Amino acid sequence: MSSELEVGRHALVPKHEVLSKKEVEELLKQYKIHTHQLPLIKSSDPAAKAIGAKPGDVLKITRKSQTAGEAVFYRYVIEG
Amino acid sequence: MMRIPKLIDSIDFCLMSPEDTRKLSVTKIIAADTYDEDGYPIERGLMDTRLGVVDPGLRCRTCGARAGECPGHFGHIELTRPVIHVGYVETIYGCLRATCRNKKCGKILLSEQKLEEFRKQIEDAIKERRKWWEISTQIVRSAAAVEKCPHCGEKQLTIKFEKPTTFIEGKNRLTPSDVRERLENIKEEDLPLLGIDPKVAKPEWMVLTALPVPPVTVRPSITLESGVRSEDDLTHKLVDIIRINQRLAENIEAGAPHLIVEDLWELLQYHVTTYFDNGVSGIPPARHRSGRVLRTLAQRLRGKEGRFRGNLSGKRVDFSARTVVSPDPNISINEIGVPEYVARTLTIPVRVTEHNIEELRNVVRRGTDIYPGSNNVISSEGKRYDLRYADREELANKLEPGFIVERHLKDGDIVLFNRQPSLHRMSIMAHEVRVLPGRTFRLSLSVCPPYNADFDGDEMNVHVPQSEEAQAEASILMRVQEQILSPRFGGPIIGGIQDHITGAYLLTRKGTLLTREQAQQLLASVGKFFDLPKPAKRERGVEYWTGKQIFSMLLPKKLNITFKAKICKNCARCKEEECEIDAYVVIRDGQLQSGVVDARSYKALDRCEILDRIVKDYGTTVAREFLDDVTKLSIAAAVMFGFTTSIDDEDIPPEAKERISEVIEDAKDRVSKLIEVYNAGELEPLPGRSLRETLEMRIMEVLAESRDTAGSIAEKYLGLDNHAVIMARTGARGSMLNLTQMAACVGQQSVRGERLSRGYRKRTLPHYKHEDLGAEARGFISSSYKDGLNPLEFFFHAMGGREGLVDTAVRTAQSGYMQRRLINALQDLRVEYDGTVRDDRGAIIQFKYGEDGVDPARSDNGKAVNVEKIIERVIGG
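Quick note, the sequences are listed as chains A and U, same order. Plus 1478 on top of the position in the first sequence (first one is 1) and you've got the working numbering. Take the second sequence: its position 532, counted from the start at 1, is 529 in the working numbering, and no numbers get skipped.
The shape of chain U in the complex, shown without the other chains (with noise of 0.2 Å):
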């Protein structure tokens, strides 16, 4: 039965008394100095051995333990005056302005009814567990408006607030003495009132007159290799606090002015407001001596490289690696390769037994600069010897099973390899070791899309599993190959990509044929050895293979699938098996029989029908023996058959540029006709719209038609032997839209899913007429990017881009907030065995994982078991 050990009632956060300070403190401080002459610390000074210590050597005079054992103890300063803390200015504040000025009464400025119904209210939102000390702020704002104190008649003076910490009453500015008068006068029945639990806190703690001195373990010093010290940016400040402290009492006792006592005590609390928060706006921060703003108590907490979400949230590790990935089309999608610098320096640590003792040696011997060699030595009884001084034959022959040696990263090891942002699941995989020359990872083409990685200049990073544990639970629940199906959609998220389709095109069209020299080179390029199968044709004495048959031989046996290609045209009729472009694709028994390989096939994020039914049918290893096959062979016939692509594929001969531009003039006069129909009032509006939404809506769609016109015409020209519409049509880059608008017309640019309109009054540019409402005037671009853009239609095409690239910020800032939020508050969801979803209580979230207990990774399209395609398989078997 699920119980819950312990669990935490409430937090009290509280104040620190004047008398607490003086309670925790070791030693006061006195001395403005940190070391003598000799760099011993002085005694009472800053750096006193009885608030702990941290060079090696000396010992604590507090708890006599050496430095990295004594945790340090505080101290404390005696201030000569109170200063207020700038951290609790605005309780201050609401404090002062809710309570009577004058010092017989101190109440709360509201009548005893109105009083006491707030109390109740407080009475009850503890009762009820609310967050009680919110409601202070309704009565520090009704008992700020008041002007007559309700209990002693005392008129009230505004008091105002200047930031940081000034208070200014009436025409009198408040020093910190009489702030701290006015809180201790404060009943304390009316604390509850101002949201302070008088259990806990005195609101004239708020004003300090002890300042705690944090030991020297939380500000320890630096000696450079000068031999210079440098002290902490905390010791920095303490010093110039205790300095002025020390003036400030030096001057009080020689009777000085009082002009210059309260410019001293303003510089006081200067200085101890920065202590605390360099940050505070209405001051200038404090700097150091070269110029460099103090890096404080507030500083260190707060921010990206704060203590909490740079130290807490955020570590570092080690055995791990970052660099440049780089592209390798030859090594697996399990593989990573590992430049032999790396490899030198990540270790992997192994238990020395009778079988590897010799091996090991070896190891050893070799040491740390050559590379199957090792860094470290542990002995049986935990004795660490580095490789780099030590004497490794010697070393060597001591080894005797029980010892660890620590050797260097090789071949096979099991690494996880990580990109930022690690988005989801497979973002951090686990890879295989390859270790290679150069200095970047290099990695498969088809694990690009899971990290999103390109080769731009990312960079990667590499995790060294170090227990056997680690490493059997990495490459067993991690590796590449276990996560080609995603559980986002269900279908593969490692697949071929960009040229892995157009070669395997290439190779599976109709119409190709090899010879016997042909064949054995794309097989060879493989690394495989095959037997080649009957040739398919023979013509004149010379043997020829189909494509078909080539591609085949990497398919598993008994596979059998029917499915229709990218290219497909979506007929009305389908013709099946006598397709004209061969888009309708038969696989039986593991051969190819028609239709062309494309991305339907086995592109990563698309359909992926043969690749998603071999994972799913033939394991995991199967998938990735087939995909890093079949990479290679699209590859190497992709370079055998040759493809390129360049701007004269967008070449449309003269009659079709004719053909285009009259299409998009009749549009432009059916454009004007409509807007002439607008203008004579004579336009039906359509169901729900304005007018004028009407006419926007008409002439969208004439323009939209009339680019896909365009569109259509140029496609006519552009067939299946152009290289760039074989990549769009087979789904391997580019689609027809980019290349009709390369080719035919770039069409409408639009904001916010409307014509253009802003920019001018009444008008986009003021090459326009005002209210022109015709379709260049609103950025419609005829001319195609080949042809190349006037002036104006360039500026309404950045008007386009500019919504398109703002678009994408705002939306990756957003989306990631979003999936920040939502992974905090699902972290600890998990799905049980018995199917239902619990959180770290064990209460139940789901009575069944996503209602049907599938996991969408292990399902046929969402279902459990798709009848469909066992009643095929069983029929076509």
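Looking at chain A on its own, in the form it has when it is part of the complex (with noise of 0.2 Å):
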């Protein structure tokens, strides 16, 4: 048996992506919104530990829908 499980890996969790300062930007912009009325996610929560993502980061999420095939969804990261 494998000691540590690979979170990113595992068929049930979703794709995660730091997104970079431009894309934040373009995000931000796009909804005019601030980064407080993003969702958040923990830093701690085992997909975001996976990826690295640090407090302040943006996540891109990409999940299957039942409705849309796919379906993109943004965390802000924040500390916990």
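Hints in this document: simulated from the structure, not taken from any laboratory. The structure presented is a predicted model; accordingly, all values stated were derived computationally and were not measured. Heads up, the beta-carbon is just placed ideally off N, CA and C, and yes, glycines get one too. Hints are not guaranteed to be accurate.
To be verified - Listed below are several chain A residues computed to face chain U (Cβ distance under 7 Å; list not exhaustive): (1) A1489; (2) T1540; (3) S1543; (4) T1545; (5) A1546.
Stated by the list, open to error - For each label pair, taking beta carbons as the anchor points, the in silico distance ranges come out as: (6) U/R436 <-> A/R1541: 55 to 65 Å; (7) A/R1541 <-> U/G785: 51 to 61 Å; (8) U/R126 <-> A/A1528: 52 to 62 Å; (9) U/K670 <-> A/R1541: 52 to 62 Å; (10) A/R1541 <-> U/A533: 53 to 63 Å.
As the list claims (entries may be wrong) - Some chain A residues flagged as far from chain U (calculated, every beta-carbon gap over 10 Å): (11) G1486; (12) R1487; (13) E1495; (14) E1503; (15) Q1515; (16) L1516; (17) K1520; (18) A1525; (19) G1530; (20) K1532; (21) P1533; (22) G1534; (23) V1550; (24) I1556.
Once you've looked at the hints, go ahead and assemble the two chains, each given alone in its own frame, into the complex.
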């Protein structure tokens, strides 16, 4: 048995990516929002930890959707 | 850019000190009386005019304002002896147990080291904005167990708490004075450890020495018609408090025996306790002279009719009416029948203009009692005239542009119609008024499903939007025709029901031929004039039209659909147009070419192919007209052909009965064989099941199969010429299962998905042997409803039936609570114009509504576009 589960590779874990500064800016501009209006994710979240997200980052989460096939979500990383 | 205008950082709830009470007070209250013989408030009494005024004419001696303007002012009572506040007994109990009884010590009964630890925890909690006061429960729990004070070495006695306000230490009762002294002795730096913020509260304030007297505006007295004054319950309670307080003072002054003083003190405590909360356990509730339980402070706030749920979360409204509902098959789904009496009471304000002045003059002249009249007139200056008393003729002549006439409700007005429980948005819809004779609201049968209404005594509410904006908004967004498609599943929730379906089936089935008279008769019932098409058949000089032709006249032109009707048997190979039961529906260019119209076509909450297509392709107005017409036509057809059902619809011939009982006997034999095999230990268990479970499953299988076979035998004798079968097969009402249960065999009764097994030890009823696993002994009913159940079967049926009842009761309670929680959580979410779902702060909840941004009510089977249908339309057209 391997000692560690690779969260990022599990079939049930959707794809998480850290957005670049520029992408974040575009995202905030697109929706006309501040970072505090984004949904949150703790930096201690296993999926966030696996890609090394730090508080202040914005994650892009691409997951399967029953209605749309694929849906994109963004989350703001907070401490915790 | 979204900004938060103001944020509440925190709220402090404090205790009121006796000094605060006195500072707040405008006067000390000493007289236990309210009014003197002349009916004038007694000075320093409970109705002192310095506390504010409620009677008209008097002026408040504190602020000088009249009744209605004066908000009221607090007074206070000096309590002769301190009294415990019931609301804080739990906290007091905690403080007493956790601290040293030594007067000079008074510290928390934990070592300095431990206290330091807890202090640290609390500091952290405050920093992290956690609920720091909740840590005190741990501290109290560990401190209460300590027997010797770690600071001064004093031996601690256990303190017992007797509901509602008594504390007993060892064998001695602690008086409120003792308690207060103890609380005073607690060190200020220890308070956070006990869950008290020393900035806003001192523990000794939980024992009252001065009692605030609320202003008279809080406890107004009522003058009855006979002129007798009746005081508020709070006033009564305050009178009791002052009276006992005075007696206590007098007795102490006179040096009365200790025992008497104690008794009076306890009585004072009782009165103050019940003044705060008359529902505490451990003491009898205070009663009025008549024996009625008094409604004191806590009772005013608590419960369904309390301040919070009754007045703050729920309010009563004007311009509304409520009465019983009854059906009217002739009005449109958009309409609602309003009794004239209601129409005369509910009004709509109309501004007088040059264009409507003559009409409004007549409306004013007719006044309040003659129907299309009015109840009030408001002049341009804002003066209000009540037409019950005013000179109507004079007022009518005085009318000029700028006046407002509150006229009676009339045909075509928009009102909101509602039935509780308002579980979804279709529970409140906008209807057009039809003023009708009678005393009930009338509604079209097609709108029963969205309201979940029936006519067994249901009552519904009407609300009249007053402003033009509100009326316009209601009619554009909330009108019934706009709600035909439910956002819940994207299909029609308003459609044909019951007889609408049977009627349409009878009309459109194969072989329905109508003479000219009959055809005209049917079309006349729709209330529109049509030219009949070319007759389908001519025989011996008589012209005949098919039912399909008549039905087609209501369909929009150019409508093309193909689908399978509800009666379709799902044959392995569909014969399409050649279907012998005519279940293949083809509509070309608005002509029903083959197939019957049944539940699949336009039943509410069903697949509703025709209606669904009409709403989506032709708009809500066409759909409403179609629905109104089709329901009328169907009812007329059902009336013309005659339709009834009775118990002999479930008659089956003796040979069928014989075959059914053979099947059932055979099944019972197979069950006994299974049991024999099981008892012999030769049964092969299914994977993952125990032997016993396997046996149960096999038995259930055999019995279910036998009921199905019995059912299908019965079905063979129940053809589509049988009215009960027509209803079941077209989906109008009932199912084939219902019919087979009536005609052939009721089948297995179950509780929790298993055969009946409970009741007596190892058996269901004493009529069977222990461990009898046979079909009958475990609740298999081989009789049919029509033949009747034998007593044992009847009992089993009641067992199964009871579970159904309990389930529905539990389910409604549970789902109701879930719905409440969901609505509370989701109430301020909305879909913004950019397709995101956001809450009231503008924070994003979903980046695209439903992840695909599709409104189910405007989608086609959940998809934004249905390519197949478009292709069919292009090719078919």
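Kindly indicate which numbered hints from before are broken by the structure, ordering the numbers from low to high. Going through the list in order, the structure violates hints 1, 2, 8, 15, 16 and 23 and respects the others.
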